[in-house]
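Note that the protein sequences, when read in sequence, are chains E and W.
Residue numbering for the first sequence follows the numbering used here, starting at 4 and increasing by one per position.
Residue numbering for the second sequence follows the numbering used here, starting at 49 and increasing by one per position.
Treat the hints with care, since some could be wrong.
[Claimed, not checked] Have a look at the derived ranges for each label pair, beta carbon to beta carbon:
1) W:Ser92 x E:Ala191: 35 to 43 Å
2) W:Ala63 x E:Asn9: 18 to 26 Å
3) E:Ser174 x W:Ala114: 38 to 46 Å
4) E:Ala38 x W:Glu158: 30 to 38 Å
5) W:Arg125 x E:Ser152: 45 to 53 Å
6) E:Gly177 x W:Glu67: 39 to 47 Å
Everything labelled a hint here was simulated from the structure, so no lab data went into it.
Cβ coordinates follow ideal geometry from the N, Cα and C atoms, glycine included.
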Amino acid sequence: MSAYTNDELRQLDHVEDMLEAYADARLSPSGPVLARIRANAMAMVAASAAIAAAIAAAESRAGEPAALASRWRLPQLQVPRRAFALGLAATMTLGTSAAVLAAPPGSPFYNARMAIEGALLPTQVDARLAAYEEHLAQRVAEAQAAAASGDHVGLEAALAAYAREVDAAVSDIGDDADRLAHLEAVLAKHVAVLTALEAKVPGEASIDRAIESSQKAVEKIKEKARKGGGGRPTDLPSGSENLPGRD
Amino acid sequence: MDDETLDRLVTEAKAGDREAFGRIFDAYAVPIHRFIASRVSSPSDAEDLTQLVFVKALEALPRYEARGIPFGGWLFRLARNTIIDQIRTRRDHLSLVAAVTRETEDTGPEAKAVLREDLDRVARAMTELTDDQREVIALRFFAGLSVLEAAVAMGRQEGTIRGLQFRAIASLRRSLGIETPAHAPSSAAAVTAATMQVLR
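Given the sequences, and given the hints that come with them, work out the whole structure.
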C-alpha cells in the first residue's frame, strides 16, 4: 500500500517522464553514432581474436611459447594472451603502429588489418565508395606483388580479401545508378588486370575465384540497376566523370 | 533481456564468442552512452568513452565472476571508472547540457519549442543536484539500472542509493515546479518506498 495519493503519484510520474524525455533527446546516441561505436568496438573484438589466433597458431607451429615470444619480441609478456591481443588491436586501431597496419597479405595480422580497414570506412556514401575503390585497388596490387614474388599464400589472402570487399561494396553503396556504374567500371578493369595476371601465373585457383567474384558482382550491379529503375549503369559512360566529388 | 539469457551471453563472450559480445553491446550500448553523456562535456567524448568502455569490458570479461554482482552493475562500474580517468587525465568538467538535441522530425515548431524548454528545465534542475545525486539519477533513470546495480556501480550500499535518489527526486520536483504533495508522507522511508514503486 502506497503512502501517496493519486495526485502525488502523478507528480512522480511527471518527473520520471521528464527525465526519460531528457535522456532520450539529449543523451541517447543517434543511429549513425551507435552504428559507428558498434563497428569500432566489434572491429576491435575481431582484430583481437585474429591476433590471438595468430599467436596461438604461431605458438603451435613453434612448439613452445618461448619461441614465439622471442619471434614477436614479447619475452616479458606477463598479461593474458587475450589482453595482449586486445591491447595490440587497440594500438592498431588507434593508428600508432603503422607497420602493423601495413601488414602484407599472408601475414598473421592481415585479417585484423582488413577488419580494421572495414570498420573505419567513411559513412558518407561517395566517400565510402571511393574508399572501397582504393581498398580494391590495393588488394589487386598486393595480389600482383605476391604473384611476382611467388608468394602463393599472400596471393590467396589478397584475393580472398578482394572478393570479400567486392561483395561488401556492392551491397553497401545502394541503388544509385551513377555509383553502380562507377563500381561496375572499376570491377571491369580489375577483371582485365586479373585475367592478365592469370596468364602470367597459370593454375592459380584463387585468381579464377577472384575473377568469378568480380563478374558475379557486375551481374548483381546490373540486376540492382534494373530493379532500382534509376538508369542502366551499362548505358552510362564508363569511368566516373559525373560522380559528385570526383574528377 | 532476462537474467538467464544475459548470463549465457556473458559466459559465451568470456569464451571468445564475438556474436555474444555483440548482443551484450546491443543491450547495453544506449544505457552506457546515456550515462556517459550525462557526465562528460561533449558528444564526441561520450562516443569515444562508450567505445572505450566496451573495449575495457572485453579485456576485463575473463575476470568477471557473477557471485551476486549483477553484470549491469559491473559494466557501469567500468564506465564510471572510465569517466573518472577521463576527468583526471583531461581535467574535464562535468556538464549536463549536451550540445545536441534531437527532436522527432514530425514535431511541429511550437511543440519543438515547448520540448526544448522542458529539456532545458530538466538540464537546469540537474545542476541543482549534488554530484552523487546526479550520478544516481543518471544510473537509475537515464541508464535504467536497478538499485542493486547502481549500488554496485557506485560502490555504495543499496540504502545509500535509495536515500540519494529520494533527495534527488525531491530536489528535481522543487526545481521543475512540480508541486510538493499537500499531505506528505510522515517518513522518508514511506516516500522512498512510494518513489521506488512508481519509478521502478
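Task: List of violated hint numbers, smallest to largest - done: Going through the list in order, the structure violates hints 2, 6 and respects the others.
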